[in-house]
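S.K.: Residue numbers (the working numbering), protein chains in the order written: chain A, 15 to 464; chain B, 5 to 411.
Since the hints were derived computationally from the structure, they do not count as laboratory data. Just to be clear, a hint being listed does not mean it is correct.
Unchecked claim - Partial pick of chain B residues on the chain A-facing surface, computed with a CB cut under 7 Å:
1. M109
2. T128
3. R392
Said to hold, decoys possible - Covered by chain B, according to a simulated footprint, are these stretches of chain A (three or more residues, beta-carbon under 8 Å):
4. 196-207
5. 214-227
6. 244-251
7. 302-315
Just so we're clear, the structure is a prediction, and the values are computed from it rather than from any experiment. Built from N, CA and C at the ideal position, the CB exists for glycine as well.
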Amino acid sequence: MVSVMPVRAAVLREATGLVQVRSAGGDSWRPAGKTPRPLGEGDGVRTGFNAKARVDLFGGTVLETAGNAHVSIEVDGRSHTSVHALFGAVTIRAEAGGGRVVSVRTPVCVARARGESVVFKLTVAGGGSTTVEVLEGVAGVEDNRGNSMILRKGQRIEVDLAGVHEPTAAPTPVQARKMDFMALMRRELGFELGRDADFAAAAREARRGERELGRVLTDADGRRVRVEEYVVRPAADRVALVVMNGRPDGLSYYSWNAQFTTTLPLNLEPVFAALGGGAAAAPWTVGSFATTFADSAGSLVARGEGGHQVDLNANADPLDDIAGTATAFRTLYDRFGVYADGVLKREFTGANLQSYADRTITALPVVVINTSFPDAASARRQTTEDYADGTKIIREALALEFGGGVAPRASFGSPDANVERRVTFGGRTIRVVMPSNAATTLEQTAEQVR
Amino acid sequence: MIRLLIIVIASAAASAGALEITPIAGIQALGGAHFFRGERSALSGNADAVFAPAIRWSENWALLPSARSTYEGTRRAYDILGTATPAQERMEHKLALRAVRADPMSRWRLKPGASYKLSFLNETKDEKWGQGLFDERLWTIGAEAEYLTREPHSVRASVDWFDASYPNYTTLESQAATQFGGATVARELVGDRALDRSGARLGVAFDLPAGERVRLDAGLSTVWSRYGKQKVVNEGGQFDADSRADFLTAMTAAARMPHEWNADLKALASLTLGMAVQSSNQNGYDASRGKFLPRFYDYRELSITPAVRLIFGGAARVPVTVDLSLGWRRRSYGSRPAQSGAGLYDGGPLATSEVNFTGTLTYPIVKRFSLVFSLERTSARSNQRFERFYRYAYEATSALAGFRWDW
Chain A
15 MVSVMPVRAA
25 VLREATGLVQ
35 VRSAGGDSWR
45 PAGKTPRPLG
55 EGDGVRTGFN
65 AKARVDLFGG
75 TVLETAGNAH
85 VSIEVDGRSH
95 TSVHALFGAV
105 TIRAEAGGGR
115 VVSVRTPVCV
125 ARARGESVVF
135 KLTVAGGGST
145 TVEVLEGVAG
155 VEDNRGNSMI
165 LRKGQRIEVD
175 LAGVHEPTAA
185 PTPVQARKMD
195 FMALMRRELG
205 FELGRDADFA
215 AAAREARRGE
225 RELGRVLTDA
235 DGRRVRVEEY
245 VVRPAADRVA
255 LVVMNGRPDG
265 LSYYSWNAQF
275 TTTLPLNLEP
285 VFAALGGGAA
295 AAPWTVGSFA
305 TTFADSAGSL
315 VARGEGGHQV
325 DLNANADPLD
335 DIAGTATAFR
345 TLYDRFGVYA
355 DGVLKREFTG
365 ANLQSYADRT
375 ITALPVVVIN
385 TSFPDAASAR
395 RQTTEDYADG
405 TKIIREALAL
415 EFGGGVAPRA
425 SFGSPDANVE
435 RRVTFGGRTI
445 RVVMPSNAAT
455 TLEQTAEQVR
Chain B
5 MIRLLIIVIA
15 SAAASAGALE
25 ITPIAGIQAL
35 GGAHFFRGER
45 SALSGNADAV
55 FAPAIRWSEN
65 WALLPSARST
75 YEGTRRAYDI
85 LGTATPAQER
95 MEHKLALRAV
105 RADPMSRWRL
115 KPGASYKLSF
125 LNETKDEKWG
135 QGLFDERLWT
145 IGAEAEYLTR
155 EPHSVRASVD
165 WFDASYPNYT
175 TLESQAATQF
185 GGATVARELV
195 GDRALDRSGA
205 RLGVAFDLPA
215 GERVRLDAGL
225 STVWSRYGKQ
235 KVVNEGGQFD
245 ADSRADFLTA
255 MTAAARMPHE
265 WNADLKALAS
275 LTLGMAVQSS
285 NQNGYDASRG
295 KFLPRFYDYR
305 ELSITPAVRL
315 IFGGAARVPV
325 TVDLSLGWRR
335 RSYGSRPAQS
345 GAGLYDGGPL
355 ATSEVNFTGT
365 LTYPIVKRFS
375 LVFSLERTSA
385 RSNQRFERFY
395 RYAYEATSAL
405 AGFRWDW
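Starting from the given sequences, assemble the full structure and let the hints guide the process.
M.R.: Below, the structure is given as structure tokens:
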């Protein structure tokens, strides 16, 4: 009996799911249609998700593709069958007896059957990297650089643009299933961890906002101090600037609470800009004010009343003149007092004062005020008020380093340095870190009337 | 969340005969120092550990419980460095549970999940763990749907609800309102837990091949946050009845391409473009000047980051890798004016720009164990000259060395 080798072209024998065919030289992919369907050299076959295709090649060689695969038939003849695998997983059952060559080419290698009956599987991933796994018989693998390797049943090898890697034992079906599962779970874990980035960004922005607004600072001792600066408007003619500090041992605050002689506009910017005085009288006059340093245990309060605007350069006192301007309007107060825990320490009075030289100092314990810089290296200024009754009020101003601690002496007045104000009386100290220079402007009155 | 995780794992263990549990784990520990504006921090370290016992529940369902802990004693270049303080360390612990439905016959994957994260941040020497002002508790619950286009490429859409709280943060003003009764030190409508927020996150992402060698991936996500206790500041510096609400939207697009020179030297190059937009109804108010700052938090940010991974070594061993990236980022606050050094609002819109360089060498010692050396440098510039609270211009460097182990 003589066996006759079948002589015919390749045939698309089975097509399950979405399977498309492109004719040699053609541009468009068309549904495979009914099977069996003849295929010629140069024809391409591609499969969709979860689809399958089987192509019978010359001499009993069979090509099977899984889903998402793309192959084309390069040569299919009596002595040579060659398939180009561009993407996805394909399995070849090669009948390569009698000197026939059966090979599969990928972007990075060529795999050839070595023997009569060989089964090998190729998986082509993105970039062309290929995994070759021999299921039966012997196969040879050659990379684009000419390096070759022989694989036997149960061996697999990875090939990429750099060439062939070392062959390893092909995983058992159980191992392969486990590896696939691990790869899937690693991917999911990556998604899970990556999801955090959006929430972390939102949290960073919240923290950043607090910092930019000066609400989180570090004090002269390197400790966290929280700061909130805001205005309170209890009535149309009243405004209070409050600087609230929070430390682990409680709250302290500075406030400047003023009542104006007229109704204030909604926009306070021009009002605050005019508080330091100017060449012309401001539309808004502070009638009375109270500056307060306080904590939960007590307070030091300075009160002024009877405010009215005066041109200092036009009054009878040459000592209060402001140089460089013809007119210099400032608000003077007819009554002023300093209270420690509600007890009056010093005061003056007057009637429509045009100069503080005309004020009348009320007979209270004698007060001596001295200002010094107790630490030559540090930006620390100390003002001491000594009273005849033995009481003492110490006011300190310290310029702070950005990350905490007292700045060098030269940093006084630097716009980059926060200032910590301390008021010591009655055996305790009220500490307030000021986030702005506003208090300096607001307290000018008190400074002038010592 | 912890109980739920224990119940799930215990249930899985009880029927372990029918289940497959595949552990995934990794640890990275690095030590080093951080330099900010020329000042060096104390030597410290960073650590990151993750453990996830993946459970195959059935052919279609899998569970992925995971636990991750991180410690950061040395600040990283991508953090908000303008807040740098000499003593700063961070610790995070996260538990998550994700179910994955992946029917082999379907292109769709569905992944419901939930997570809980504790974040601790100490910024000054007097803060202890658990007492940090910005300590955060974050709950999330949500789901992701994935559509496989051409494996392994896919399109993913996700939605999450979240609740973030700051247990140690209460506004001083709200405390003052009760502590100094009678004094004019608090505004009406002031809220207490002004940083607590809740909201939703929506995300869409995809990756696909472009030609034979290039891979493209892109993502768009937006986080809507509602600060229920933080009222909107009005032009008069007082509070309106409305609460603050933010939208933070981020978009990235990247192209990646491999290249090989020879068997011992390969590379994977990438170019990533990013854009972020924050939109908030909250305003700012500079009380010291009585200046109203509308839409204080709004900004737009653009970034571009070319990067390359160099891979040394042939197929015979685990390769040595060098990762290099150089990023540029610019942020513009459209409504926030820049300030002079004295704090005057005399500039145009505030803008910042950063250049970041990152280099990482990974040197494998044995299988799954590698030595890691990392250098990060950031250079920041801005037209904002007022830096009393926050540094807008600086040079910062982090140098770290340690190891990584993966399972």
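S.K.: So which hints don't hold here, by number, going up?
M.R.: The structure breaks none of the hints.
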